[in-house]
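J.: Build out the structure end to end from the sequences listed, making use of the hints.
Below are the chains, spelled out letter by letter.
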Amino acid sequence: MNSRILMMEAGRVLVGTLVCALVLPFIVDVHTATLLTIYAMLALSLGFIWGFGGILCFGQAAFYGLGAYTYALAAINFNGAWAAFALAILVPAVFAGLLGALMFYGRLSDVYLAVVTLVVTLILFKFFNSTAGPTYRIGEARLGGFNGIPGFPTLTVPGDPGTYIYGAGLFYFTIALLALVYLGLRLTLLSPFGRIIVSLRENEERTELLGYDVRFYKSAAFALSGGLAGLAGCLFANWAEIVTPGLFSLGQSAEIIIWVIVGGLGTLIGPMIGAALLGYLKFVLGHQSAVDNSFIMGVLLIVVVLFLQEGLVPTVARFMKAGLRRPSSKKSRRQRRRKRAVSNAG
Amino acid sequence: MDFAVVVTVEILHSIAVLVLISSGLAVIFGMMRVINLAHGEFLTLGGYVAILGHRSGLNLYFCMLVLAPVVVGLWGLIVERLVVRWLYGRLINTMLATWGLSLAMTGAFSMIFGNTMTGIPNPLSGLTVGNYQIGGYSLFLIAAAALVMLVIYIVLKATRAGLIARGAMQRPDMAQAFGLNISHVYMTTFAAGAALSGLAGALLAPLVGLSPGSGANYIAKAFITVISGGASVVTGTIASAGLFGSISQIFTLVTSSVGGEIALLVAAVVLLRLMPVGITGRFFKGWT
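Just so you know, the sequences run in chain order A and Z.
Here UniProt numbering is used: position 166 in the first sequence is 166, and no number is missing along the way.
Here UniProt numbering is used: position 202 in the second sequence is 202, and no number is missing along the way.
The hints are simulated quantities; they were obtained by calculation from the structure and are not laboratory data.
Yeah, the Cβ is synthetic: ideal placement off N, Cα and C, and Gly gets one too.
Treat the hints with care, since some could be wrong.
Derived DEER-like restraints, expressed as beta-carbon distance ranges [what the hints assert, rightly or not]:
#1 Z:209 with A:31: 49 to 57 Å
#2 Z:118 with A:291: 18 to 26 Å
#3 A:134 with Z:65: 45 to 53 Å
#4 Z:92 with A:31: 50 to 58 Å
#5 A:290 with Z:274: 48 to 56 Å
#6 A:205 with Z:6: 51 to 59 Å
#7 A:157 with Z:116: 45 to 53 Å
To list a few chain Z residues with every Cβ distance to chain A over 12 Å, as calculated [to be verified]:
#8 12
#9 55
#10 106
#11 153
#12 159
#13 178
#14 262
T.: Shown next as structure tokens:
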């Protein structure tokens with residue numbers, strides 16, 4: 001891989017992150033900005049597997065919720081929150097890898113994939129919803145059923161277990177992680193592994209005929225995506241300081257899909273922008289009660305599927321490119337007019 | 001002996017509920033290869049229509065058996081014309097658009113009816129079998145499910161409309177060459193599926209309270225029943241509803257109602273892993 005590309009990409013990400021980190025807290029408060037950043041990471045996890053791997057997972061919320069629950073459970077049982085942090089990425093990744101293997105080695109695709117991921121999300125939702133009472137406990141932690149798990153220790157500054165990361169600190173930590181994840185995914189897409197993933201999206205049969213084990217690569221990409229969703233869930237647990245079964249709900253899964261498709265499928269930046277914009281929209285809509293929030297989300301999804309197939313970012317990018325290409329100086333306009341006159345005369 | 005009768009009725013009831021909630025989706029998916037993720041909300045709409053009709057003084061059976069299917073069928077017609085018809089052949093896009101519709105309808109319900117539970121009283125009293133009590137309405141539902149399946153089968157197999165529908169689904173180009181208006185066939189099929197959903201939603205309304213989010217309880221079950229059933233509308237629905245209904249009811253009796261639901265979902269995942277084309281893709285090939 002060219003190290004110059006790497007440096008340039010890293011530089012751009014750094015600038016973008018700094019701008020966001022400085023500007024976002026002025027638009028919305030730090031608390032909301034953190035949530036939007038977490039949403040962006042969640043959208044990124046689906047944007048990667050769907051936009052580049054061509055695998056539409058209807059149950060991304062499963063990995064998100066699993067990450068959050070793993071963090072909460074592990075943080076109560078272990079003393080160090082950072083072990084819980086690592087587990088919260090690892091457990092959803094392994095779970096996604098196994099689920100992916102189950103589906104891809106069974107050659108399931110589109111609708112069947114959708115059903116299985118949807119059903120698994122529902123199973124988790126139903127299970128965690130029904131775990132009220134003291135019989136359901138993992139180590140010290142009670143699962144708490146519908147009410148979820150409150151009051152687990154959150155992340156602390158490494159080396160100083162007394163100082164918690166919260167407020168602005170959590171925001172900067174989250175946005176730095178998001179930048180790292182974004183850069184990591186960029187590099188992954190440039191690597192041989194990433195290229196195989198993209199070729200899977202383009203033509204699975206041909207990739208297989210070239211000698212790649214499609215099933216393995218799909219499962220691995222699925223695991224990566226699941227791990228990222230888990231990371232987002234873990235950050236959410238730290239932000240909200242409570243985890244509830246609602247994280248596994250179908251509405252949550254739908255929301256992630258809407259973010260990605262509105263932002264722009266097949267880009268990494270699109271899903272993040274989609275998540276931040278729609279997350280903000282939800283926040284604004286939450287302050288009024290005239291129009292129901294899910295009504296707007298639903299109508300938005302229909303409109304995007306029907307009229308704005310590509311999503312926001314690719315559409316805007318195309319318009320901007322077209323705008324740049326069009327010569328707009330007086331001289332060139334005159335030249336064009338002359339050319340037209342000549343061609344008309346001819 | 002009495003206990004065996006009761007258990008049998010319970011299992012049949014659970015199968016009948018699955019048949020009813022998935023029949024509309026099965027018609028739409030089986031015939032047109034379109035997944036309608038707003039199916040749960042179509043059912044809820046049927047339920048609301050029945051409740052509103054009943055409250056305004058109309059006969060309950062008229063509301064359930066006539067009014068709800070007609071209203072939801074018309075709504076399906078509108079949806080097909082406005083949204084679905086632009087997306088034929090693009091499976092994932094239809095799923096996304098109808099999921100959007102599902103969210104929008106849920107939102108609309110809670111704006112119109114408020115975020116509360118509503119319901120209608122159960123119209124039939126129970127029957128006594130030895131020491132046990134069976135719901136009279138359960139028997140009514142079992143009969144209704146059987147009748148719905150029978151009617152779908154007869155319409156598809158023995159009427160001209162069914163012939164046209166099957167032909168148009170199998171070879172659209174050929175049907176068009178014979179002078180059929182494919183677009184109208186699709187429209188009618190979608191509306192018929194929606195009407196079935198309305199009927200099912202209304203029939204189930206006395207059993208469950210309705211809230212704006214009720215659709216979510218139906219959609220997953222309907223979805224897996226149809227997908228696991230495979231391409232054949234009637235055989236597939238009966239086969240997979242029979243399997244899942246029995247599994248879920250047996251686990252409900254042994255463990256709890258949540259245990260039954262989880263067993264159903266796990267069974268669906270295992271079944272799809274073993275038979276990715278559904279039951280009728282593997283056995284009963286070519287049945288309706």
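J.: State for each hint whether it applies.
T.: Checked hints:
no. : hint                         : verdict
1   : Z:209 with A:31: 49 to 57 Å  : violated, 36 Å
2   : Z:118 with A:291: 18 to 26 Å : holds, 22 Å
3   : A:134 with Z:65: 45 to 53 Å  : holds, 48 Å
4   : Z:92 with A:31: 50 to 58 Å   : violated, 36 Å
5   : A:290 with Z:274: 48 to 56 Å : holds, 50 Å
6   : A:205 with Z:6: 51 to 59 Å   : holds, 53 Å
7   : A:157 with Z:116: 45 to 53 Å : holds, 47 Å
8   : 12                           : holds, 24 Å
9   : 55                           : holds, 23 Å
10  : 106                          : violated, 5 Å
11  : 153                          : holds, 24 Å
12  : 159                          : holds, 29 Å
13  : 178                          : holds, 30 Å
14  : 262                          : violated, 6 Å
Hint compliance for this structure: hints 1, 4, 10 and 14 are broken, all remaining hints hold.
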